[in-house]
Amino acid sequence: MSTKIHFSIPIVAAVLFLSACSGGEKQVTDQQKVVVDQENGTVSDDQDFVLPQPISLASAFKNAGLSYAAGKTNPASNKDKYAKKIDQLLNLGVYSTDLAYCAINNKTQEAREYLSAIQSLGSKVGLESVFADKSLIEKFDKNLSNQSALEDLIYEIQDKSDAYMQDNDLRYLAAVEFAGAWAEGMYLGIDDTRKKESTMSTAIVDQMTLLRNTIKGLESHPTKDVRLKEVIALFQGVLNTYEGFLTVKNAAKNVNFKAPQLTAEEFDKLAVKIVSLRNGIVSPAQK
Amino acid sequence: MKNISFLLIGMVSLMSVTALQGDGAFDAQVNTLKQECKDLIKTTRYEGSKVTYYNVSGTKQTKSIELFMFLPNEYQFAIGTKKCSVPLTIRLYDAAADVEERTMIKEFKNVQGKNFTFSTKELNVIYRKKVPEVERLKNLHIEYSLGTGKTAKEAIVLVMGHKA
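Top to bottom, those sequences are chains A and B.
For the first sequence, the numbering used here gives the first residue as 17, with consecutive numbering after it.
For the second sequence, the numbering used here gives the first residue as 1438, with consecutive numbering after it.
Calculated directly from the structure, the hints in this document are not laboratory data.
Reference listing, derived: stretches of chain A covered by chain B, where coverage requires no fewer than 3 residues with Cβ under 8 angstroms from a Cβ of chain B:
| # | region |
| --- | --- |
| 1 | 74-85 |
| 2 | 163-173 |
| 3 | 219-232 |
| 4 | 264-275 |
Yeah, the Cβ is synthetic: ideal placement off N, Cα and C, and Gly gets one too.
Let the hints inform the model, and build the full structure from the sequences given.
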């Protein structure tokens, strides 16, 4: 807090000074720069976190036995129906997971469509410089037959995207994008827990450990609009349900120890919540 | 009176612009440091990064970062402390500070002003010796214990990646 006060006084004066000396257009530019610099001046939280890449989450599920199911992902054609910024960001995350899910399962044509959808949504949310790169699709096409190279490319895109958001103090955008990616991954994974119970249930429980930080990330968004509040409530609903399970309450707090073994009934309850969360993201009610 | 006001505003503004330019230079140095860290683990796939900003003061402080390693692959970490001037100890734990039975896996003392790396390959060996019932680390808590010094804005960079 003290940092903000320390920076805000000279910043106000600078804005006044620049306003007095500048024309209208320049004035806006300078004010924007000042705001960005002010955010750079803040100190980090005492407790922070790094969330994994969507492709790592998808790969962890694949390692646990998740098989590809055609038609489960969010169709790329839905990209144009997201009008609100929050929905665009969330579905940018959803498509990041879908892209990874297709790429690691060698569904290259589908992956290509998702990359295109990501470019389109990425440009809408202000990440043009990351996603408008025309060579991206060319690189992708060149590596269609090389799964490992495709995965490398996806990690490279995430790296560029992260760097852009960090450099421009847009980390809260990354948090919303991650929330969508997490929800889609859990949605794709939760059904398979019935087929490969031992491995997939561990993978699901592992990834549930991300939820608390995912919610923190969503809450860090400076805009507290109605849609964002709705979305946070959906995520919180999943967390409350999960933390209410007896197996979870009795499990060790240290997540490196044995993961809680959810009962079939608990998995069913969790699945209902996950499906509802994911559907609430990919098909937002039009208002 | 009007002239004095303008003069004052101008002086404060000049000071502010200088401060902001200083900040810009600081950010550029942090970005360079981040790139150095990336280069240290360039054989890995980028998993994430975190720049921890803090203000040095007369009081000791602690900052922590939680990391997740869901893949069985080897994860590598690079930490850049060239923008840290105060005594720095980094401790790696298997759980957050509020978990009673947490285990310290490794400690790096007086690591301010340098770049260095470590990986889950070595950490898992140490961890399994300390806690035999665990398979491997999936969750790591990095704690920066920062000493005191002259007031300044500083940063520590962390970059992580995993081997394909």
